[in-house]
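Chain residues, written in single-letter form:
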Amino acid sequence: MGSGTTRMPRRLIGRDTKRAVGQDTIRDSTVIAETEGHCWNTIGVFSTGAPTCPKLAEAVHCQNCEVYSSAGRKLFDRAAPRGYADEWSQALRADKPREHVESISVLVFRIGTEWLGLPTTALNQVSDLRKIHSLPHRSDAVLLGVVNIRGRIQVCCSLAALLGIAQGGVGDPDGPAGILAYRRMIVTADGRDRWVLPVDEIDGVRRFRQRHVRELPVTVARDRAHFTRFVVELDESALQHSERGRVALPFAGRQIGCLDAERVFEALREHLDRGDALPAGG
Amino acid sequence: MLSFHLGERAYAMPCLQILEIVPLARLEPVPGAPEYVAGQLDYRGQIVPVIDLRRMVAGERCRAVLSTRIVIVKRTAPDAAISAIGLVAERVTETFNMDPGEFHRPGVDVEHLRFLGGIALGPRGSIQMFDVAKLCESLHSRSLTSPELRGLLADRSLDRGWE
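The listed protein sequences derive, respectively, from chains A and B.
Count along the first sequence starting at 1, add 85, and that's the number in the working numbering.
Count along the second sequence starting at 1, add 2, and that's the number in the working numbering.
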């Protein structure tokens, strides 16, 4: 058992510890050695000089080392703060909080005035705007050309043309650079091919649950309906706690048409294959 | 597997039967119950008996520190009622993976500690397997002097049917 008045190193003092100090803190000599000496501060990665601990050769960072994690766990070897036990017996009477139910994650983006979604399983990366090199005799409205992304030459297609949406920012497409700044390129991957799809704006990855799914509105053109798996309406409840009430959803009041990645890729592939048979300029 | 300590000795319990691990909450005393019964707990609306494992195995109570927690496990009573029981153990802070085949039975089998199984050599020393099912069996076969406790363990009307 350690002698009564040894101070806890400042780094390890949390709110609970402050209350526990003065009560009977049960500690043994190993705890003192490891936390007082705190090797991660003296010879480890957190030291002011260069780290000299031999264990780093294997662990690379203190957080991977046994000594660090054991010291962390030993923090729990102290008496509970006053009222802790009673708080918990109260809390345990209630039903167990339910875990998250099934949810799908979708990359939400905008083309023209339409907000669309693509399942993140089909997503490879998002890149900033690159120069599209059109392919002589091959490029058309859908097949825009090729792009160099991180050294890979990839086929770039227009989702807007495929789905029949007028591209451009809200307002004048040739307007101020501010609109252009949002434009990105989505790189998708379906296991076989990669497709680069330029979009006008990316909102981000959102998760939604079954209750957000809505029926396709009857006004959606049949072609578009073919590519849309379902429509999602994201409301306040779908936002992270930090966002709620503070950030206006860019697609507020609109529904997000979640695309069927399979069908989109298939159509693009077909288009690419068909291109061989088309005469120049066709 | 969940690792825990009773005094200086390290033990392991398969995670499969564990319903939840909760902090050492305030327990209601059970009058006339054996020494190793720490009390009873109102767990999600069901009264669950809580056994102090260190008391049962080593004769001393578990230390009242933050790392001492109650492991709520599934319990199949002999009459096939599924219920829950709480086990107080020390240093309940880690889970790890180990092949059950690494645990070798010791030569000696202590009669009243049948639920202590094979011993394996882990990175931090020896660790002994803890068999929850055998513990529950042994709780039934022990002479429980308190009708209240016997009632607690057998009462199916309080059952909420744990899956």
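Keep in mind the hints are simulated off the structure, nothing from the lab.
There could be a bad hint or two in this list.
Each computed DSSO-like pair below joins lysine-lysine, with the alpha-carbon atoms no more than 30 Å apart [to be verified]:
(1) A:159 - A:140
(2) B:136 - B:76
(3) B:76 - A:181
(4) A:181 - A:216
(5) B:76 - A:216
(6) A:140 - B:136
Since we're looking at a predicted model, the values are computed, not measured.
Hint check:
{"no.": "1", "hint": "A:159 - A:140", "verdict": "20 Å, holds"}
{"no.": "2", "hint": "B:136 - B:76", "verdict": "12 Å, holds"}
{"no.": "3", "hint": "B:76 - A:181", "verdict": "15 Å, holds"}
{"no.": "4", "hint": "A:181 - A:216", "verdict": "54 Å, violated"}
{"no.": "5", "hint": "B:76 - A:216", "verdict": "62 Å, violated"}
{"no.": "6", "hint": "A:140 - B:136", "verdict": "42 Å, violated"}
In summary, the structure is inconsistent with hints 4, 5, 6 from the numbered list given earlier, while agreeing with the others.
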